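Here the protein sequences line up with chains A and B, keeping their order.
Numbering-wise, the numbering used here puts 190 at position 190 of the first sequence, and it's gapless, one number per residue.
Numbering-wise, the numbering used here puts 11 at position 11 of the second sequence, and it's gapless, one number per residue.
Don't read these hints as lab results, they were simulated from the structure.
Here the structure is a predicted model, which means the values were calculated and not measured.
Take these hints with a grain of salt, some might be off.
[Unchecked claim] Covered stretches of chain A (chain B as the covering partner; in silico rule of three or more C-beta atoms under 8 Å from a C-beta of chain B):
no.	stretch
1	111-122
2	207-220
3	230-241
4	245-253
[Stated by the list, open to error] Away from chain B, derived, C-beta distances all over 10 Å, residues of chain A:
no.	residue
5	L18
6	D38
7	G58
8	F74
9	T82
10	T101
11	L105
12	L108
13	R149
14	L158
15	E161
16	T173
17	G188
18	P189
Glycine included, each C-beta is placed from N, C-alpha and C at the ideal position.
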Amino acid sequence: MISSRKRRFQSCLVLVVLLLLSCLCWQWLVPFDPYAQDLGKALRPPDGVHLFGTDRYGRDLFSRVLAGGQLTVFSALAVVLTASVTGSLIGLICGYRPGKTATLLLRLADVFLAFPSMVFAIAVAGILGGGTFNAGIAIVLVAWPKYTRLACSTVLPLRHEPFIEAARMSGCTDGQILFQQILPLAVGPLAVTAALDVGTVIAELAGLSFLGLGTAPPAAEWGSMMSGSRNLLQSAPWTVLAPGLGIFLTVAVCQLFADALRDYVDEKG
Amino acid sequence: MVRRYILQRLLHLLVILFGATFLSFALMHTVSTDTVDVLYTLNGNANAAVAAAKRASLGLDRTFLVQYGDWLWRILHGDMGNSFVSGEPVLTTILQKLPATMELMVLALLMTILAALPLGILAALHRDRFWDQAVRIFSFLGNAMPDFFTALLLLYLFAVHWHLFSFLDASRLPVLPALTLSIAMTAKSIRQVRAVFLDELSKTYVQAALVRGLPVNTVLLHYVLRSVLAPLLALLGVSAGSLLGGAAIVESIFLWDGIGKLAVDAILLRDYPVIQAYVIWMCVIYVGVNLLMDLLSAFLDPRVAERGSDQ
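In isolation and in its complexed conformation, chain A is listed as follows (with noise of 0.2 Å):
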């Protein structure tokens, strides 16, 4: 019998695979060339032809707004697969390995915590000097902590348990223990902490470009297109609020993918 948390996480699943389908196939579902200018069509308001309007420069805003999901989309998925599995991995080492080495880290991974994270997010990405690759860098730095905390708090109470110590007299190696007995124990936690950061991470990376610390114009990135028109909201507001509307579906997909996850993983585990 099929579980309703599992049909739930199913039919997620199905608008998590839409929504990167979409990211990836860009090219062949926009009726416009993203980035062709027309000016003789600016500020058009929305209509049948143009779903979302044009901008300042006569560019189809339907167009832009999905283009711009993958840029979006695929760098928020790097920063939390970066984030994670090192984040991850440093956990689990100070958890299975106490000592001076694993003390330190975690005092690190406790400063990084104290910070609030986006005031970080926005001094490195200021300081490293914007860019897509540099806001990425940003945000990996004030997420990892969290999963090391995580891997750790998982690790910690296993070290001692029967099944570690047969698996080390029987002669397997540490990093036999740590990947085939201990990573199974502890992969389903951080899985549902990644996935519930992914919305998160989405929304902060727009917000860096929004501040001009990120993706910078003229690439259709949503965060840099609404402050691009900004000054717009007023005679046209649906510059502003076409790719308002696309960071906010896609956060959306992706937090109700996370919880599904998450009640999905709670029922299993």
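Starting from the known structure of chain A, fit chain B onto it as the hints suggest.
Using the frame of chain A, we list chain B on its own:
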């Protein structure tokens, strides 16, 4: 017990702050772009000798640890350096802008408590019925809205659509910026309030009080509410971090003259002393707010302190 808890928390705070100063200094130090270069590119001409002299006068030619020690020593004496751009003492500038940001934060926190508490309790009392679902949808939407989108949407609705801007402006309070920040925070805290409230309602002391004939409202307001407040305060303390980060964006959008806007402007000009001071002050405020919230929780519910000092 409580005194030991406070001492423990203060010690923790010192360690964190020391780490934070080191980290923010190291960060500034490792960046490749040189302020002096930027300064002279801004002015249009770069002369190697003049640049070197300027570098020496700013103390940028010494080793890392010496610079850090010197910097920390001066900070402890209240000297956060001068702005590379305006030349004014950073501390004075920060202290000038701090009240505006604090005003924004306090207003946002108040709005959050005033919204999250009743809405969370409403959802709990109407569990799985209409209001619960409505609150759940609000919380979901609020969580998926980035700060800057909420800000622009509110600006659009209030200023362009409803023409209420002059009215709000007359109050001289940062109503819209605070509303922006509190929507996101409320969305985060409502579910927590609901969960804690439901958990508390199922406890035996509530049943016992009701069976003994105490009025429902007395039980809810005097006993249950008190135990919901402690976790809510702790949660608000933690989300003060996102509040501070959000303040930078929101202040820039609404042109509210606080620390956040100062920092964003400083970043665009690579004004290192101002950025450093910003990061440290935000860290101090964040850790301070958390400490305050923890102490308040411990005061409201002494069990919190017992649990805390056991750790």
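(request) Would you list, in rising numerical order, the hints stated earlier that this structure does not obey? (result) 12
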